[in-house]
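Number of protein chains: 2
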Amino acid sequence: MSLAIILFSGGIDSTTTAAIAQEKGFSLMLLSFDYGQRHRIELERAARVAEQFSNASHVTFPLDFSGIGGSALTSSIDVPKNRSDYREIPVTYVPGRNLIFLSIAAAFGEVHHAYDLFYGANVLDYSGYPDCRPEFIAALETTLRFGTKAGAEGEEFRIHAPLLQFTKAEIIRTGLRLGIDYRHTHSCYDPGPNGSPCGECDSCLIRRKGFEAAGIQDPANVK
Amino acid sequence: MSLAIILFSGGIDSTTTAAIAQEKGFSLMLLSFDYGQRHRIELERAARVAEQFSNASHVTFPLDFSGIGGSALTSSIDVPKNRSDYREIPVTYVPGRNLIFLSIAAAFGEVHHAYDLFYGANVLDYSGYPDCRPEFIAALETTLRFGTKAGAEGEEFRIHAPLLQFTKAEIIRTGLRLGIDYRHTHSCYDPGPNGSPCGECDSCLIRRKGFEAAGIQDPANVK
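Protein chains in written order, with our numbering: chain A, 1 to 223; chain B, 1 to 223.
I should point out that these hints are in silico values taken from the structure, not numbers from a laboratory. It cannot be assumed that every hint is accurate.
Note that identical chains are pooled: a pair holds if it fits in a single copy or bridges any two copies.
Claimed, not checked - Derived DSS-like pairs (lysine-lysine); straight-line CA-CA distance at most 30 Å:
id : residue 1 : residue 2
1  : K149      : K209
2  : K149      : K81
3  : K209      : K24
Using the sequences and the hints, build the whole thing.
Following this line, the structure appears as structure tokens:
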């Protein structure tokens, strides 16, 4: 059984991505990042969500982005609420995040001889993040071919983004078909002190629209 | 004055690279990484070496590679001594290191509107590290064009590796011409408890040969 490394926040997208990798026959390294995100609850939830996968390990990598700044997710910039225009790149963009996360995933991959990296990038509901574009994925695969020992020795890193063209409703339906329980998945960028979602950030709005479009009640909201 | 970001270990190569960037008219952000390297003395030395640059800030970014493992520089694997064949990639290779470092440098660059990234890669004396190859640099520039907000907005990241084709002797002569004092630069992968170089690792051997070829006494050895 070949090992895949999954960028794993424990949200809907990365959880569904993990389920897809598992269906393809991979064992899983679920890689979460403690990057000083203001939505710290994400890390606790990721550990709970990870429990539903067999043949999986969950690793949390510490990465202190606070010194870089520039993002509403890691510094004191306010998280925008009730946005309606997703064409502009929002201040919740964390500079270089997916590139840095995938680079670290590739480093784990080199050590564990795991050359299949999965992440939940999505071009439709992606809030305009540039590091969710297919051109980025292709360029990074080339970079890994030339810039790693494994690549120099003939191994081929593959970056899988199986959700790239999915709507949020399709993502949710796919996950449910694969047996995913979304109850503990976390989406909100700006949760309350008890972890409750704000309901107004991009991530909350996209989640709500997704469950509505799928015609399914969000299990996280069932009391 | 435009800002450049320099991957800065405080060794001969990165110090010379910083001097070249300064000569080109850039102000400098000297970016060091506390990545759990066994040669911890490197970080203290980097701060001392950084003092000789004007219009420069020195930033140390914490990055815990110990969970990744797989390298003699960050885990309990022995540092090889007195190697003579540099064609093989050595165990001092840290998986993904330059890719991760440059990705983080690009994140700083996005926040500070600094799109010139410098690092001291070198193909001749590089001990076979794949992330010092020109193909890697070109691929990463493409990745940054597609994968960053700055790139999406039309900014062009440039990765400068001015030492790429230099011999160690040429690097040393260049630095001396630019007024660099190499006294506090650190090279050894496996220093003694007081920070003294082992004299036998790849990095010590390359340094010694470089000063010999340049016909100059290593100022670090002057008592």
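Status of the hints after comparison with the structure:
1. K149 with K209: Result: close only across copies, 26 Å inter versus 43 Å intra.
2. K149 with K81: between (44 Å within a copy, 20 Å between copies)
3. K209 with K24: within (28 Å within a copy, 52 Å between copies)
Comparing the model with each numbered hint stated earlier shows that all of them hold.
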